[in-house]
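Engineer: Going line by line, the protein sequences match chains W and D.
FYI, my numbering numbers position 254 of the first sequence as 254, with every residue one higher than the one before it.
FYI, my numbering numbers position 236 of the second sequence as 550, with every residue one higher than the one before it.
Don't take every hint at face value.
Sample of chain D residues facing chain W (criterion: CB under 8 Å; computed from the structure) [what the hints assert, rightly or not]:
no., residue
1, 423
2, 427
3, 435
4, 438
5, 515
6, 519
7, 522
8, 538
9, 542
10, 552
11, 559
12, 560
Pair by pair, the computed Cβ-Cβ distance ranges are [to be verified]:
no., chain 1, residue 1, chain 2, residue 2, range
13, D, 465, W, 16, 23 to 29 Å
14, D, 488, W, 126, 44 to 50 Å
15, D, 500, W, 126, 24 to 30 Å
16, D, 354, W, 126, 47 to 53 Å
17, W, 13, D, 317, 49 to 55 Å
18, D, 320, W, 156, 39 to 45 Å
19, D, 469, W, 16, 29 to 35 Å
Since the hints were made in silico from the structure, they are not lab data.
Please read all numbers here as calculations on a predicted model, not as lab measurements.
Just so it is clear, CB atoms sit at the ideal spot from N, CA and C, and this is done for glycine as well.
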Amino acid sequence: MLRYALRRGGWTVVQLAVLSVVVFLLTDLLPGDAATVDFNEQAGLDQVAQLREQMGLDRPAAERFADWAHGLLTGDLGTSLVGGGPVSGVLARSVTATAALAAVTLLLLVPLAVVIGLVTGLRAGSRTDRVVSAVTLTLTSVPDFVLALLLVALFSLRLGWLPSTWVGADDLWWQRPELFVLPVAVLLARTVCVLSRQIRAGTLTSLNAGYTVQARRLGVPPVRLVLRHLLPNAAVPGVQELARTGDHLLGGVLVVEAVFAVPGTATALVEAVQNRDVPTVQALTLTLAAVACLLNLAADLVSRRLAPRTEVLR
Amino acid sequence: MSGRRYRRTATGALLLAPPCAAALIGPFVTDSPIPSEGMPYARGDGHVLGTDALGRDVLALVLRGGASALGVACAAVALAFVVGAAIGLTAAASRSRWLDDLLMRPVELLLPLPSLLVISVVGVGWRGHPVAVALAVAALNVPAVARLLRAAAMDAAGGPVAEAMRLQGESAARVLIGHVGRAVLPVAAADAGTRLGSAVFTVAAANFLGLGLDPTSPDWGVVIAASREALFVQPWAVCAPALMLVMFTVGVNLLADGLLPRGDGRGETTRGKEQAWNR
Chain W
1 MLRYALRRGG
11 WTVVQLAVLS
21 VVVFLLTDLL
31 PGDAATVDFN
41 EQAGLDQVAQ
51 LREQMGLDRP
61 AAERFADWAH
71 GLLTGDLGTS
81 LVGGGPVSGV
91 LARSVTATAA
101 LAAVTLLLLV
111 PLAVVIGLVT
121 GLRAGSRTDR
131 VVSAVTLTLT
141 SVPDFVLALL
151 LVALFSLRLG
161 WLPSTWVGAD
171 DLWWQRPELF
181 VLPVAVLLAR
191 TVCVLSRQIR
201 AGTLTSLNAG
211 YTVQARRLGV
221 PPVRLVLRHL
231 LPNAAVPGVQ
241 ELARTGDHLL
251 GGVLVVEAVF
261 AVPGTATALV
271 EAVQNRDVPT
281 VQALTLTLAA
291 VACLLNLAAD
301 LVSRRLAPRT
311 EVLR
Chain D
315 MSGRRYRRTA
325 TGALLLAPPC
335 AAALIGPFVT
345 DSPIPSEGMP
355 YARGDGHVLG
365 TDALGRDVLA
375 LVLRGGASAL
385 GVACAAVALA
395 FVVGAAIGLT
405 AAASRSRWLD
415 DLLMRPVELL
425 LPLPSLLVIS
435 VVGVGWRGHP
445 VAVALAVAAL
455 NVPAVARLLR
465 AAAMDAAGGP
475 VAEAMRLQGE
485 SAARVLIGHV
495 GRAVLPVAAA
505 DAGTRLGSAV
515 FTVAAANFLG
525 LGLDPTSPDW
535 GVVIAASREA
545 LFVQPWAVCA
555 PALMLVMFTV
565 GVNLLADGLL
575 PRGDGRGETT
585 RGKEQAWNR
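Okay, chain W solo, but in the shape it has when bound (with noise of 0.2 Å):
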């Protein structure tokens, strides 16, 4: 365990390294850079040409990658182009409202996928199964701003029971739980549904596994046997799916930030991008990079010590 531990993390310090270089040539392909979009048609070129050398734009790419790379090491992410801060502050505002989003998210999508797969996979074929999946199927298959449209619509406007947006709140919106109902409503109706047919899908496997039938043979008690022999082994696919979603919860909720107007990651990054913020963009991606790195990380360490039997195989 220790030594597949040790490899993995080792893995995934690579797996950051080579990222970093990525998000840097992704960022230099942008065409245009900060200077002509501050300046836009009014500047001239010499003007243009001054602010690009202010900014360090004019050096090569190697050289401002070390550069870069150096202040990472070192705990210094750079000052944003266009507002000046430090990257560090628009990160941290930016992260904290969609980590919120996320936890609260998560928490509430992990016992429900659980229940919802092991009680369809459990009764696999019987009408509450067909009924379930049946919906489930259906809710995957609605494109989420649809749905976001369509619960707005509903609530927000006709009965006007919940907020539509996050605009107003500002600083104060953790304060305000009722503005986290929709925009969680929208991100659990996708997730869920993934993750408990992975789950149902990893409860038939162990439903017919030789260990199930010997262990049933054995007379151990339908309880202990789904807690203690058939879960584990369920949870293995959720995991590394729970570890996909977690990453997709943090990075990839472009859709509800942006009709709810939540002061999250995935806004700050569009935001930075239409701006050429390169520095605030690398910083972002990065940091979003490596939360994906560690949670993938964290799915395999938690998978191999659910199921130790599942070696690399080759």
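Given the coordinates of chain W, assemble chain D onto it according to the supplied hints.
Structural biologist: Same frame as chain W, now just chain D:
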């Protein structure tokens, strides 16, 4: 094929028919820039589904918008599978470990790359050009496809049939394409179904957010975004394109479900086994 499975597949095909027909036939029966001749958000008045904010006929928009909404996603998934299958199958069939590592390690490196970054960079940088969006979505899918197909091909490539074929002196290409490729086909088809559904979402979401096509184009995602304020005044302008998207994804998912191999004749009970591949 059992009765229920047959019904599922048939329902899937039935649901797929309207969106596909709109995408394939629509562009030939509507004018290229759709004329904005009606009142904004009119209902009835000679327009079956009413008009949108610019006074364009919603039915014509729906017919016209399918080609871009579905075409980009289909092209992206097809490209992802061509590249991903080449990498995954070669890695699985290679006898040397270092070639396997050489092919798969770089692919795994790209897995945690936030899809949002790629989409927003492409959307903002290249003004949502359809080819750029398709390439981005394809690139995002390649790592997962390659990993899945490698895992699925491992069994077939190391199995007795492949071994026998090799002993018979069959060429490596024939073993790889004739046997291994055919063995992973059901898994690939089922995965392509779910992947196509999510690719359609990604493309539509990019268009909805204004990261894709320009705000007057008839694409379904754009139309939904443009008419969302008028949901109660003219519900069809939002609901018709949304319904098309939902029908397409439900249909694709049902078909993919029906395509999954049920394995060793134990019927319903083995369903979970194959679904574990389905990610």
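Engineer: Work down the list of hints and note, for each, if the structure agrees.
Structural biologist: Structure-based check of each hint:
no.: 1; hint: 423; in the structure: holds (5 Å)
no.: 2; hint: 427; in the structure: holds (6 Å)
no.: 3; hint: 435; in the structure: holds (6 Å)
no.: 4; hint: 438; in the structure: holds (5 Å)
no.: 5; hint: 515; in the structure: holds (5 Å)
no.: 6; hint: 519; in the structure: holds (5 Å)
no.: 7; hint: 522; in the structure: holds (5 Å)
no.: 8; hint: 538; in the structure: holds (7 Å)
no.: 9; hint: 542; in the structure: holds (5 Å)
no.: 10; hint: 552; in the structure: holds (7 Å)
no.: 11; hint: 559; in the structure: holds (6 Å)
no.: 12; hint: 560; in the structure: holds (6 Å)
no.: 13; hint: 465(D) / 16(W): 23 to 29 Å; in the structure: holds (25 Å)
no.: 14; hint: 488(D) / 126(W): 44 to 50 Å; in the structure: holds (46 Å)
no.: 15; hint: 500(D) / 126(W): 24 to 30 Å; in the structure: holds (26 Å)
no.: 16; hint: 354(D) / 126(W): 47 to 53 Å; in the structure: holds (51 Å)
no.: 17; hint: 13(W) / 317(D): 49 to 55 Å; in the structure: holds (54 Å)
no.: 18; hint: 320(D) / 156(W): 39 to 45 Å; in the structure: holds (43 Å)
no.: 19; hint: 469(D) / 16(W): 29 to 35 Å; in the structure: holds (32 Å)
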